[in-house]
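*Asks:* Given the structure of chain A, go ahead and fit chain B onto it with the hints provided.
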Amino acid sequence: ETGVTQTPRHLVMGMTNKKSLKCEQHLGHNAMYWYKQSAKKPLELMFVYSLEERVENNSVPSRFSPECPNSSHLFLHLHTLQPEDSALYLCASSPSLGDEQFFGPGTRLTVL
Amino acid sequence: AQKVTQAQTEISVVEKEDVTLDCVYETRDTTYYLFWYKQPPSGELVFLIRRNSFDEQNEISGRYSWNFQKSTSSFNFTITASQVVDSAVYFCALRVNYGQNFVFGPGTRLSVLP
Numbered sequence: 166e167t168g169v170t171q172t173p174r175h176l177v178m179g180m181t182n183k184k185s186l187k188c189e190q191h192l193g194h195n196a197m198y199w200y201k202q203s204a205k206k207p208l209e210l211m212f213v214y215s216l217e218e219r220v221e222n223n224s225v226p227s228r229f230s231p232e233c234p235n236s237s238h239l240f241l242h243l244h245t246l247q248p249e250d251s252a253l254y255l256c257a258s259s260p261s262l263g264d265e266q267f268f269g270p271g272t273r274l275t276v277l
Numbered sequence: 013a014q015k016v017t018q019a020q021t022e023i024s025v026v027e028k029e030d031v032t033l034d035c036v037y038e039t040r041d042t043t044y045y046l047f048w049y050k051q052p053p054s055g056e057l058v059f060l061i062r063r064n065s066f067d068e069q070n071e072i073s074g075r076y077s078w079n080f081q082k083s084t085s086s087f088n089f090t091i092t093a094s095q096v097v098d099s100a101v102y103f104c105a106l107r108v109n110y111g112q113n114f115v116f117g118p119g120t121r122l123s124v125l126p
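From first to last, the protein sequence lines are chains A and B.
Numbered per our numbering, the first sequence spans residues 166 to 277.
Numbered per our numbering, the second sequence spans residues 13 to 126.
Isolated chain A (complex conformation) (with noise of 0.2 Å):
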């Protein structure tokens, strides 16, 4: 496979659920990151990870925990979710921070 991939491109989940997104690039890049895309709303920037640190969380709640075991990978777990979080969430890379971004195709989270 090649440029950057999510999993699952869908998913549905109750408020008590727990569920995670997962997002792997084939790139060889070293900065990962998280994005929100709302109906009628900017894509939001929620996590940053470079070298597989964090170096940006920006005020999201807790409820959403990430995770980048290497530099390929980037989860986002998800746990007691409310119907506003549903969104497309973006997974991007590059190849250091601030470069141009490469993302995947979203995860469309619907939360009953």
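Residues of chain B clear of chain A, computed beta-carbon distances all greater than 10 Å: (1) I23; (2) F66; (3) D67; (4) S83; (5) S86; (6) Q95.
For lysine-lysine, the following BS3-like pairs were computed, each having C-alpha atoms within a straight-line distance of at most 30 Å: (7) K206/A - K50/B; (8) K50/B - K82/B; (9) K184/A - K201/A; (10) K50/B - K28/B; (11) K15/B - K201/A; (12) K206/A - K187/A; (13) K82/B - K205/A; (14) K82/B - K15/B; (15) K201/A - K187/A; (16) K15/B - K205/A; (17) K50/B - K15/B; (18) K205/A - K183/A; (19) K205/A - K28/B; (20) K50/B - K201/A; (21) K206/A - K15/B; (22) K206/A - K183/A; (23) K201/A - K183/A; (24) K82/B - K206/A; (25) K205/A - K50/B; (26) K50/B - K187/A; (27) K184/A - K205/A; (28) K184/A - K206/A; (29) K187/A - K205/A.
These are computed hints drawn from the structure, not numbers from a lab.
Glycine is no exception: its CB is placed at the ideal position from the N, C-alpha and C atoms.
*Replies:* Using the frame of chain A, we list chain B on its own:
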């Protein structure tokens, strides 16, 4: 603080028309980078171009061209002879030097009708 404005929320054109998407940015930094991304219905943002603040030369890539004007803080994107496959949401983004955060504009939805 940095800000990106894309005043056009939605644009519709007929195939083969030229269309320009506007982007106006705000920053106090003298060194910064501007980007354009395309988001087709599939959802994946596709990187189109990156320009730095010291390079005001216009760029052309096939049917795409970009007009960077520091005097008006604008980085506009023109598609010549539009095609149905150009239908997408287009985002302009800004990153200042020594910062890793991208500030994205709200996007412009372009519909190219056959």
